[in-house]
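Peer 1: Chains as they are written, first to last, in the working numbering: chain A, 1 to 575; chain B, 1 to 200; chain C, 1 to 94.
To be clear, the hints were calculated from the coordinates, so they are not data collected in a lab.
Certain hints may be false.
Unchecked claim - Here are the simulated distance ranges between beta carbons:
#1 A:Pro-538 with B:His-166: 32 to 40 Å
#2 A:Gly-259 with B:Asp-59: 18 to 26 Å
#3 B:Leu-68 with C:Arg-13: 24 to 32 Å
#4 C:Gln-5 with A:Pro-536: 48 to 56 Å
#5 C:Leu-77 with A:Lys-445: 57 to 65 Å
#6 C:Arg-13 with A:Val-351: 52 to 60 Å
#7 B:Ser-114 with A:Gly-59: 55 to 63 Å
#8 B:Glu-122 with A:Asp-403: 57 to 65 Å
#9 C:Leu-76 with A:Arg-298: 19 to 27 Å
Stated by the list, open to error - With a cut-off of at most 25 Å between alpha-carbon atoms, the simulated BS3-like pairs for lysine-lysine come out as follows:
#10 B:Lys-113 with B:Lys-91
#11 C:Lys-10 with B:Lys-7
#12 A:Lys-121 with A:Lys-299
#13 B:Lys-163 with B:Lys-91
#14 B:Lys-163 with A:Lys-121
#15 B:Lys-7 with B:Lys-97
#16 C:Lys-10 with B:Lys-97
#17 A:Lys-121 with B:Lys-167
#18 A:Lys-546 with B:Lys-7
#19 A:Lys-445 with A:Lys-121
#20 A:Lys-14 with A:Lys-121
#21 B:Lys-7 with B:Lys-167
#22 B:Lys-91 with A:Lys-14
#23 B:Lys-91 with C:Lys-10
#24 C:Lys-10 with B:Lys-96
#25 A:Lys-519 with A:Lys-445
#26 B:Lys-7 with A:Lys-121
#27 A:Lys-14 with A:Lys-445
#28 B:Lys-167 with B:Lys-96
#29 A:Lys-14 with A:Lys-546
#30 C:Lys-68 with C:Lys-10
Even for Gly, the Cβ is constructed at its ideal location relative to N, Cα and C.
Residue-level listing of the chains:
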Amino acid sequence: MSGDHAHELPFWRKHIFSVDHKTIGVQYAITALLFMLVGLLMMLIMRWQLANPAQAIPGIGNLLGEANAPGGVVLPDFYNQLGAMHGTIMIFLGVVPLAVGGFGNYVMPLQIGAPDMAFPKLNMMSYWVYFVGGVIMLASFWVTGGAAQSGWTSYPPLANIASFGQTIWLIGMIFLITSSLLGSVNFIVTILHLRVEGLTFARLPFFVWAQFITSFLLLLAFPPLEVAGILQLADRVLHTSFFMPSGLVISGEVLDIAGGGNPLLYQHLFWFLAHPEVYVLILPAFGIVTEIIACNTRKPIYGYKTMVNATIFLGFMSFLVWAHHMYLVGMSTKMSMFFQITTMIISIPSVILLTSLLLSLWGGAIRYNTPMLFALAFLPMFAIGGLTGLPLGLAGADIHLHDTYYVIGHFHYVVAPGTIFALFAGIYFWFPKVTGRVMNETLGKIHFFFSLICINGVFMPMFMQGLAGVSRRLWDPTQYAHAQPTQPLNVFILYAAIGLGLAQIPFIINFFWSAFKGKQVDNNPWQATTLEWIAPSPPPHGNFSKVPSVYRGPYEYSVPGQSDDFWLQSDEGKK
Amino acid sequence: MSEAVIKHIADPHPVTGVTNSKLGIWCFIASEVMLFGGLFSTYILLRTGAGADWPIGSDLLNVPLATLNTMILITSSITMVMAWASLTINKFGAYKKYMTLTVLLGVAFLIVKSFEYGMKFEHHIYPSKNNFYAIYFVMTGLHVLHVIGGLVVNLYLLLPGSKLWHKAPEQFMGRIEAAGLYWHFVDLVWIFLFPTLYLL
Amino acid sequence: MAHSQADYQKHVRTYIGVFLALAVLTAVTVGVSYIDLSTGPAIILAVFIASIKASLVMAFFMHLLNEKQVITSLLLLTAFFFGVLMILPVLTSG
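Isolated chain A, as found in the complex (with noise of 0.2 Å):
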């Protein structure tokens, strides 16, 4: 597919219905941006609720609908309801939408040197089945009783018996999960088959690494969810007894179906996927870390090759360690210790990220910029996840800690002043090549220094109401005499969340002022030597004027002999 037809296209098809992989990547973004801050706004109801347990919400509460909210406080259901939509929304509209639809798709081909995916029509629809699995999703608050609200888990027989929102949930989840399997195959063939001529996989980018292992993760796990998903829905719409076990009674009635299913079923087809989709949050986040670390420190990473081989190592063992989510449901010792052994295992690549990514900080010239911030706080935030995320790991701690706050605090950890960081260090990176601009370094600043502060004042606390026996999704903790002493931490928690929406709005604001009104550079303003960095600012359609050869490694930087402190990928001779 040549460039030439480019400017020939109607508004709508290069616009709308792009197969170009940089205005698809941008649509992937842009609207996973607002998912996530849809996400947001239902956190802030919720943490509000908490401190303030059936007290009205001020001025909002009213809008929220005399079924949700009467006189603006926020009724039980509804409170369940934000609960589950705001883990799906994070997860599968928000920060997986991001990270790989987002950066995936527009930088990945550039950092290969191809014009675009293997196949750009695939992608065009990968998007818009996304799009339209997100509006289901939403849609699903204004149906009667409201959207899914058994967790975003779903768990059966709770959620096989809830209301028609659930029907809609599982409807939006077939088409994100199918969403997620066609653009899984196009990043797995273009990784494989259209890097530039030079590029080996020694060469390649960590990001690019990291795309390719997460593709492999979505394209092998996310079957049986979908596979779970169409069995929940066959108990729910035809009346089957998957997960539905014999002799259930429902508000004094045994229910009248066939019995004989197993809820513990749902579970492994849901974790199979769940588990391997922790990684697919977190291996994104990592490859956008390694290159903004590589290029701000002005060194190659440490430890490259250990790192790739890592990933692969926890891609694999990805699939061999679900069942830790259930740790609770009656398993015998044997397999108990199984999914313990596999645990601590995994555990083990995670470290060597992390820690071939803070010796890489060693004698560096580190550069601290807006990225560069966000890309280091990253390091001692996943590590608090990860840390916590051990006693979790292990059976017998696993015994008072699961379900409550302390898991709310070990995955928040990761995934927020974790990933989302990671992601935002990504924007405030890129931005520059997709718009032509930098974004401003003084509003990224306030935005980095408060949201740090806010989302520990959010998280922290929640680890001390964990260890306190505080058990997650409760509409109000104050019923329980243990969870009465931590429920101050809930008022201070809504203050510090508070501040982490409203040190959003800098970014907002940067973001879109910078897009119109930044400040213009060149081609490749942080000095970077990867291939995406020698396209025009923004890439035209196909990319490269002249398609590029590969000479060296991503990490060139501050090679002794040279007159630069960078090397690009693609510069041919010595200097």
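Based on the hints, put chains B and C in the right spot on chain A.
Peer 2: The following block gives chains B and C in isolation, referenced to the frame of chain A:
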């Protein structure tokens, strides 16, 4: 504007030795293996949980019809691969003939299936009756959806899509090969579904 | 990928041979189900015969016998995870 063109659409990659579409369709098939794997895993869990209460498939299901359908699908796999082979020796007419047969056999499969389901519904046997019927309907139902998907693709490649043969024969052959691989996979799933559900 | 007429004839002979084998094995599958075996051995036998049929389809119709390593490696990886999905859930649901 750029000189760059997406490579390996018709010419295989020097290292992997395959084209984009071949690698792509195999990746897709790999994910489909995991999809039906989820269903087989479901079958295993439900059956082991039910123990002796699980019925014998041949007591409840129509084995002759299913055997017929097995032969229909196997034959359609032959006609599909013959369709591709015809293109390798430049016989476009033979391609059309074999592809038409493949489509007709696929339709025949669906007709037999509709009789099979119809007879069950007549006796008020629905997926909700018990978990054996539930997994039977869902597994064969999802398989039917895949047959329909394959039929749609094959019809497209037989009719409007066949124009590509005159413009880019190598690329068209690649598409037929990819569609063939998908169709054989659908046959493969049935090869396992048939004994599992109908005979055991 | 233009083949010679001789290659084509050879392939056609192979396909017909495979078809006959598959037809016979289908009959065997049905026939064997009439043997009075307990569930365990019956399942093993049925899966075994189905695997032979599947191998024929994969090797000759899907050309896996002569396929490139990237494809076979992908399928081996998938087969491993497929096995995990068959075995671990039932072991963990005791």
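Peer 1: Next pair to validate is Lys-121 (chain A) with Lys-299 (chain A); report whether the Cα-Cα distance is within 25 Å.
Peer 2: Violated: Lys-121 (chain A) and Lys-299 (chain A) sit about 39 Å apart, past 25 Å.
Peer 1: Given the hinted pair Lys-10 (chain C) and Lys-97 (chain B), is their alpha-carbon gap at most 25 Å?
Peer 2: holds (20 Å)
Peer 1: For a C-alpha distance cap of 25 Å, please report whether Lys-121 (chain A) and Lys-167 (chain B) respect it.
Peer 2: holds (19 Å)
Peer 1: Hint check: Lys-163 (chain B) vs Lys-121 (chain A), CA-CA at most 25 Å. Holds or violated?
Peer 2: holds (19 Å)
Peer 1: Keeping to a limit of 25 Å between CA atoms, is the pair of Lys-68 (chain C) and Lys-10 (chain C) held or broken?
Peer 2: OK: Lys-68 (chain C) and Lys-10 (chain C) at ~21 Å, within 25 Å.
Peer 1: Are Lys-163 (chain B) and Lys-91 (chain B) close enough, with their CA atoms no more than 25 Å apart?
Peer 2: holds (14 Å)
Peer 1: Between the beta carbons of Glu-122 (chain B) and Asp-403 (chain A), is the distance compatible with 57 to 65 Å?
Peer 2: With a Cβ separation near 47 Å, Glu-122 (chain B) and Asp-403 (chain A) fall outside 57 to 65 Å, so the hint is violated.
Peer 1: Quick one, are Lys-546 (chain A) and Lys-7 (chain B) close enough, alpha carbons at most 25 Å?
Peer 2: holds (15 Å)
Peer 1: Sort out whether Lys-14 (chain A) lies within 25 Å of Lys-91 (chain B), counting only the CA atoms.
Peer 2: Given pair Lys-91 (chain B), Lys-14 (chain A) is violated - Cα atoms ~39 Å apart, limit 25 Å.
Peer 1: Run the distance test for Lys-519 (chain A) versus Lys-445 (chain A): straight-line Cα separation, threshold 25 Å.
Peer 2: holds (17 Å)
Peer 1: Run the distance test for Lys-10 (chain C) versus Lys-7 (chain B): straight-line Cα separation, threshold 25 Å.
Peer 2: violated (32 Å)
Peer 1: Return holds or violated for the Cβ distance of Leu-68 (chain B) and Arg-13 (chain C) against the range 24 to 32 Å.
Peer 2: holds (26 Å)
When held up to the earlier numbered hints, the structure conflicts with 5, 8, 9, 10, 11, 12, 15, 19, 22, 27 and fits the remainder.
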